[in-house]
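To convert, count from 1 in the sequence shown and add 39; that's the numbering used here.
Keep in mind the hints are simulated off the structure, nothing from the lab. Some hints here could point you the wrong way.
What the hints assert, rightly or not - The calculated label-pair distances, taken between Cβ atoms and stated as ranges, are: (1) 53 - 246: 35 to 41 Å; (2) 162 - 117: 25 to 31 Å; (3) 311 - 242: 38 to 44 Å; (4) 197 - 324: 29 to 35 Å; (5) 311 - 246: 38 to 44 Å; (6) 94 - 221: 18 to 24 Å; (7) 90 - 247: 27 to 33 Å; (8) 167 - 255: 46 to 52 Å; (9) 325 - 90: 37 to 43 Å; (10) 114 - 45: 30 to 36 Å; (11) 168 - 306: 33 to 39 Å; (12) 306 - 45: 26 to 32 Å; (13) 112 - 238: 20 to 26 Å.
The C-beta atom is built at its ideal place from N, Cα and C for all residues, glycine as well.
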Amino acid sequence: MGKNSSIGKVFLVLSALIWGCGLVAQKNGMNHLGPFAFTAIRCSLGGVSLLPLVWFMEKKKSTSGKSSNPKPDRAVTFKASVICGLALAAIILFQQTGISYTTVGKAGFITGLYIIITPILERVLGKQISKNVWISAAIGLIGLAMLTLSGGIEGLTIGDVLMLGGAFSAAVHIIVIDKWVRYVDSVKLSCYQFLVAGVLYIPFAVIFETTTWEAVISCAVPILYTGLLSCGMGYTLQTLGQRSTPPSQASLILSLETVFTLLAGMLFLNEMMTGMEYAGCAVMFAAILLSQKKDRKL
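Make the full structure from the sequences, and use the hints.
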């Protein structure tokens, strides 16, 4: 269990790294496509890219006769995929729309609020949350503020509100993944949830937006990154990582996405970090480490 838990946390850190760079790609993607079209294409691409892996895993299971999960019926897999897909669709659309109306730094901070929303939702659902998780969440929130609000808040925008919706959706997604990942094949769940999200937004893109092949081609790099890496790889790593990591700890580890977003901004958008932001990184890492401690070790 200990080894699996450590591997799971590595998967979650890799997810945060991929997503951190993905926010830059999402912002660039809005220069060419509307939010519905971009979301529909990237999610569909992410789901399709995982179909060969689903086929390979099924073939391997049938050959060996072994499976890491109990084999669920199709109805359970369908239900889990729809529920997780709806939560995923909400996250991506809120982010994709909101990033056009706010800065990358503020977007990273507001999205990162799921580190505190997740344990609150768990508590509402009746689950007991350990003391050190609450303390870690509070410290992590302070670190996020130091990272992205060192210049102060000039006022809320519609983009900020949309990003807050994304943070709430991310917390819901973490919780529903935790519920279903124990009963449904992880790779299938990751694949099918993207297909659900992609299919959901195709009619919205057709009705409310005008999309041309020239725009899609101009947006090829952001689409490929967010489709193949952010969707296909990032969310699959999240699903695998959450099999051995409690939701509250998973949300704290995944909140490192904010750190990686700022670093990606430095590399690709020529943004420089201040001393306060570096201190925020240190506080974030302290919160992550603290979240791994048992209450008796505090």
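Report task. Using the Cβ atoms, figure out if residue 197 sits within 29 to 35 Å of residue 324. Result -> 32 Å, holds
Could you say whether the range 20 to 26 Å given as a hint is met by the Cβ separation of residue 112 and residue 238?
Check passed, 22 Å falls within 20 to 26 Å.
| query | So does residue 306 sit 26 to 32 Å from residue 45, Cβ to Cβ? | reply | Given a distance of about 28 Å, which is inside 26 to 32 Å, the answer is holds.
Next item on the list: Indicate whether the distance between the beta carbons of residue 168 and residue 306 respects the range 33 to 39 Å.
Entry: 36 Å, holds
- Taking 18 to 24 Å as the hint, is the beta-carbon distance of residue 94 and residue 221 inside that range? 23 Å, holds
Satisfaction of the hinted span 30 to 36 Å by the C-beta atoms belonging to residue 114 and residue 45 = 34 Å, holds
Is 25 to 31 Å respected by the C-beta to C-beta distance linking residue 162 and residue 117?
30 Å, holds
Check the following: the C-beta atoms of residue 167 and residue 255 are separated by a distance inside 46 to 52 Å. 48 Å, holds
Practice prompt. Look at the Cβ atoms of residue 311 and residue 246 and judge whether their distance stays inside 38 to 44 Å.
Written response: Distance hint for residue 311, residue 246 holds at roughly 42 Å.
With 35 to 41 Å as the target window, see if residue 53 and residue 246 comply at their CB atoms. 37 Å, holds
Q | Beta-carbon spacing of residue 311 to residue 242 - inside the hinted bounds 38 to 44 Å or not | A | Once the Cβ atoms are compared, 43 Å apart, the range 38 to 44 Å for residue 242 and residue 311 holds.
* Asked: Using the C-beta atoms of residue 90 and residue 247, is the stated range 27 to 33 Å upheld?
  -> 28 Å, holds
Hint check: no violations occur; every hint is consistent with the structure.
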